[in-house]
Amino acid sequence: MLRVVEEVRYNPTDETARLDLVLFINGLPIATIELKSEYTQTLQDAINQYRTDRNPTTSPLLQENRGALVHFALSQDEIAMTTKLAGKATSFLPFNRGANGGAGNPIINGKLATSYFWEEILDPNTWITILTKFIYTNHQKITDPLTGKTTSLSHIRFPRYHQWRAVTKLVQAARTEGAGHKYLVQHSAGSGKTDSIAWTAHRLSNLHTPDGERVFDSVIVIADRQVLDQQLQDAIDQLVTTAGTFQPITRGSGDSKSKQLVEALTTGVPIIGVTLQTFPFALAEMTKEGGQLAGKHFAIIADEAHSSQSGKATDSIKEMLNTEIDAGIEESDPEADQVALTKMAQRVVGEGHQVSFFAFTATPKAKTLEVFGRRADGTGPHQPFDLYPMKQAIEEGFILDVLKNYTTYQMAAKIAQKNEDSGADEEIDIRKGTKSLINFVELHPTNVASKVAVILEHFEGRVKQELGGKAKAMVVTSSRAAAVRYQRAFEKAIAEKGLPLKTLVAFSGELPDPDLEVLPGVDTPTVTEASMNPDLKGRNLAEVFNQDGQHILIVANKYQTGFDQPLLVAMYVDKELSGITAVQTLSRLNRRADGKENTYILDFVNDPEQIRAAFAEYYEDARIETESDLDLVAKQVDKLDAAVIYNRTDVEQFWEKWVAPGARQASFDSLISIPVQRFVTRWRAAQEGVDGSADRAALEVLLEFRSTLAQYVKSYAFFSQIFNFGDPYYEKLSAFADLLGRKLRRFTLDEVSPEVVNVDDIVLTHYRLEKLREEEDLKLSSSQAAGLQGMTEAGLASIQERERKARSELIEKINKYFHGLDLSDEHQVGFATTFVAEAAKDAGLKQSAMANTKVDFYHSKNVRSGLANKLWDYSSDTADLIDHVRKLPAEQFVEFMLDMGLYELLRGEKVEEMSH
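If you want our numbering, it's the 1-based position in the sequence shown plus 131.
FYI, nobody ran anything at the bench for these hints, they're computed from the structure. Predicted model, so just to flag it, every value in this text is computed and none were measured. Incorrect hints may have been included.
Straight-line Cα separation of at most 27 Å, DSS-like style, residue types lysine-lysine; simulated pairs [claimed, not checked]:
#: 1; residue 1: 522; residue 2: 845
#: 2; residue 1: 427; residue 2: 313
#: 3; residue 1: 242; residue 2: 272
#: 4; residue 1: 219; residue 2: 977
#: 5; residue 1: 242; residue 2: 313
#: 6; residue 1: 977; residue 2: 1001
#: 7; residue 1: 427; residue 2: 388
#: 8; residue 1: 280; residue 2: 944
#: 9; residue 1: 668; residue 2: 633
#: 10; residue 1: 390; residue 2: 419
#: 11; residue 1: 863; residue 2: 944
#: 12; residue 1: 219; residue 2: 264
#: 13; residue 1: 215; residue 2: 272
#: 14; residue 1: 313; residue 2: 215
#: 15; residue 1: 788; residue 2: 623
#: 16; residue 1: 1018; residue 2: 972
#: 17; residue 1: 280; residue 2: 668
#: 18; residue 1: 992; residue 2: 280
#: 19; residue 1: 219; residue 2: 972
#: 20; residue 1: 972; residue 2: 985
#: 21; residue 1: 280; residue 2: 766
#: 22; residue 1: 766; residue 2: 863
#: 23; residue 1: 242; residue 2: 300
#: 24; residue 1: 300; residue 2: 535
#: 25; residue 1: 300; residue 2: 522
#: 26; residue 1: 1018; residue 2: 280
#: 27; residue 1: 522; residue 2: 242
#: 28; residue 1: 992; residue 2: 1018
#: 29; residue 1: 300; residue 2: 264
#: 30; residue 1: 264; residue 2: 280
#: 31; residue 1: 496; residue 2: 313
Taking CB as the label site, the calculated pair distances span [to be verified]:
#: 32; residue 1: 149; residue 2: 382; range: 50 to 58 Å
#: 33; residue 1: 641; residue 2: 876; range: 50 to 58 Å
#: 34; residue 1: 337; residue 2: 835; range: 20 to 28 Å
#: 35; residue 1: 666; residue 2: 641; range: 15 to 23 Å
#: 36; residue 1: 838; residue 2: 382; range: 30 to 38 Å
#: 37; residue 1: 284; residue 2: 308; range: 32 to 40 Å
#: 38; residue 1: 741; residue 2: 399; range: 44 to 52 Å
#: 39; residue 1: 816; residue 2: 1019; range: 43 to 51 Å
#: 40; residue 1: 498; residue 2: 528; range: 39 to 47 Å
Even for Gly, the Cβ is constructed at its ideal location relative to N, Cα and C.
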């Protein structure tokens, strides 16, 4: 029985706490919904309600794995969802259809833009299908790219709209059309393809025609070994109830795999997982005339974006393709795997209507579209069966726009030269003291050493400090010989400059040492990836590069596709790129990480217009910054200052708090709130106007200010990779403008009653990265100061000893409450001292402390309630820690606070200072 109930109480102790809608099945809560009208409140208001007012610790209905499975925030324009409520750390995902190739929803005449939610998703048959064939609990071991800590996580997977749409369309088409057809799903990076493939495989494996006939005897999934062994296995095991439904063929030698495949296909294992290198064995068996599989039907699901080592499929595929189809496949081509899959599909699909091919790719080649695509009217251009475009993924925040800070070496040199040619007496302030980060020289095409010098200057001056000092870079070279020469040039330059940097080089096979000339008749010594990277010691190169202390990866036709490294911030290109190769290579930078807002590409050889055109095939709004100069930044600063929304004192005071060690949001929030309030006051006055009609001109001025904030942040990021600005004000203004612009982004002419946007997530990320940067600086300074003696005066030594003792005692106290939690002492101490300092400012707690003895304070219900509320409002970048503390019994948490000296702090009494 499906039921929709309005105004449902979710907090047993608060009669006014109600949810707009709750969806039930047979009395079990499945989903909660908060509804907002954009005329009075926004989607963000609904999200904020869930984050701040919907406390799962006090409501079984909101608890993960106990209450509702999914929570929707819904307005008439947009929808967002989450499967886990975690206070301010709650992460919402868009549940929108997409509009004009980007985020949001299209306008529908006579209907609300979100009407698809109740017309499609809440249709009873659809809703039950989602609950029974889509929702599962995903288990993953996640390694934080910033800290290196591995955490086992589990969370409920609910399909995003495009995932549900694609899987549903594929299933409906296959049921109607039967076997023997091709389908192309063009879903950008960040679309969640692994889940989409798992859902598709599961649905196709037990798909029947309207007449009850089985459509496919087996489904073969081609993907990366890790995907097959872990993510896909996990998903399918939960979606089915029959053992033996999924069998990955990823272990053993070639002959062993072949036998496993034949057995699996013959016995009709519903879902079989193979790598692209193993797949030709299966294909040959499926298409063998008169073989034991004759008359059976198969579905092949191929994830093209699976391989970081291009062309590995081609050897085995060539064995089964005749010479005519084989033509044009080159192992060294990063596009080779897609070419091979396309030619393979041409060979087998349609022959006897035995095999259907379902291809998932983010960047299909023209030939792939031609072979797999469909014409809407039979005559138009070939289109993918389903599309989730790059533009939508970027606008929804799942990947980054890697072209934002793309520049060629020639363009950067011209911009720098233009600044120098302006003259030292130039009156424009921005030019004073501004120096080029890069020593621009005339580069010879084969002069690797000069390019390495440029790269190191750029990396040290702009890139290395990103992500708390953990940013990494990739150098893309034109050949294996070039990669070897680059590696040696880097090692030499790093040693000469004494830089704390490490490099790795990646290429396939072996080659004659390019730096050695030998006498005729004498064999040239060879080099391999292993010999060039002696520190690997047999370990996987990608895993080693992921470690802390690894900085630059030099590649030659390797790791240019399918390589997922979120800490990659910069790329240096010394290889001609075009078409899909350009898109796939540069897109190695688009993976997100906490605090990763910018990427940098310095291109030594390519035409920027050709790069832009390549991206335009997949991202219609692709653009590259054209040649400009520092005047642009100066003009934007003048325009911002002239608006009188803020003054320079606001910026300076903000920056002082923003970079202060251990500072928290409250210390600078008011400094941002003041200019926000000035803007809001002027906006509302302009809306009301003099005679009741809006002052359009005044609104346009404010919109121009808001737009210029974002433009300045982008301009500063672009120019700061070329210049070291002499005046620190430009960097301070960039951070200030970024937060201010984010808070004001809802203020548009389309919004009737815009609200200030919450930026807590940005702030928390900033402080997390600052903490990491401080740790990195400390490590560096410690290593540099090896052997130096500290101050040895008796008085100082005594003070240091007392501090060490106090800290040891503090850690011992804290460990009593954090026993069994795998976190460093620094994280535990940091939480305890910071939270106590925050709680000590609470007026209600202070009143309770002044009015009660310590024993009565401990037993007070008001104290326990006040601390619980304080804890719920508290934001931490360490999810494990905050979850652990929130689960402590109330009396134990109060005891913890008393041990930390909270009672004395609230009463203003002297306590032993807690060491950081």
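Hints and how they fare:
no., hint, verdict
1, 522 - 845, "holds, 18 Å"
2, 427 - 313, "holds, 17 Å"
3, 242 - 272, "violated, 43 Å"
4, 219 - 977, "holds, 25 Å"
5, 242 - 313, "violated, 35 Å"
6, 977 - 1001, "holds, 13 Å"
7, 427 - 388, "holds, 21 Å"
8, 280 - 944, "holds, 24 Å"
9, 668 - 633, "holds, 16 Å"
10, 390 - 419, "holds, 15 Å"
11, 863 - 944, "violated, 40 Å"
12, 219 - 264, "violated, 31 Å"
13, 215 - 272, "holds, 18 Å"
14, 313 - 215, "violated, 37 Å"
15, 788 - 623, "violated, 41 Å"
16, 1018 - 972, "holds, 23 Å"
17, 280 - 668, "holds, 23 Å"
18, 992 - 280, "violated, 38 Å"
19, 219 - 972, "holds, 20 Å"
20, 972 - 985, "holds, 18 Å"
21, 280 - 766, "violated, 44 Å"
22, 766 - 863, "holds, 17 Å"
23, 242 - 300, "holds, 23 Å"
24, 300 - 535, "violated, 34 Å"
25, 300 - 522, "holds, 22 Å"
26, 1018 - 280, "holds, 22 Å"
27, 522 - 242, "holds, 25 Å"
28, 992 - 1018, "holds, 17 Å"
29, 300 - 264, "holds, 14 Å"
30, 264 - 280, "violated, 33 Å"
31, 496 - 313, "holds, 15 Å"
32, 149 - 382: 50 to 58 Å, "holds, 54 Å"
33, 641 - 876: 50 to 58 Å, "holds, 54 Å"
34, 337 - 835: 20 to 28 Å, "violated, 58 Å"
35, 666 - 641: 15 to 23 Å, "holds, 19 Å"
36, 838 - 382: 30 to 38 Å, "violated, 56 Å"
37, 284 - 308: 32 to 40 Å, "holds, 39 Å"
38, 741 - 399: 44 to 52 Å, "holds, 50 Å"
39, 816 - 1019: 43 to 51 Å, "holds, 49 Å"
40, 498 - 528: 39 to 47 Å, "violated, 32 Å"
Of the numbered hints given earlier, the model fails hints 3, 5, 11, 12, 14, 15, 18, 21, 24, 30, 34, 36, 40; all others are met.
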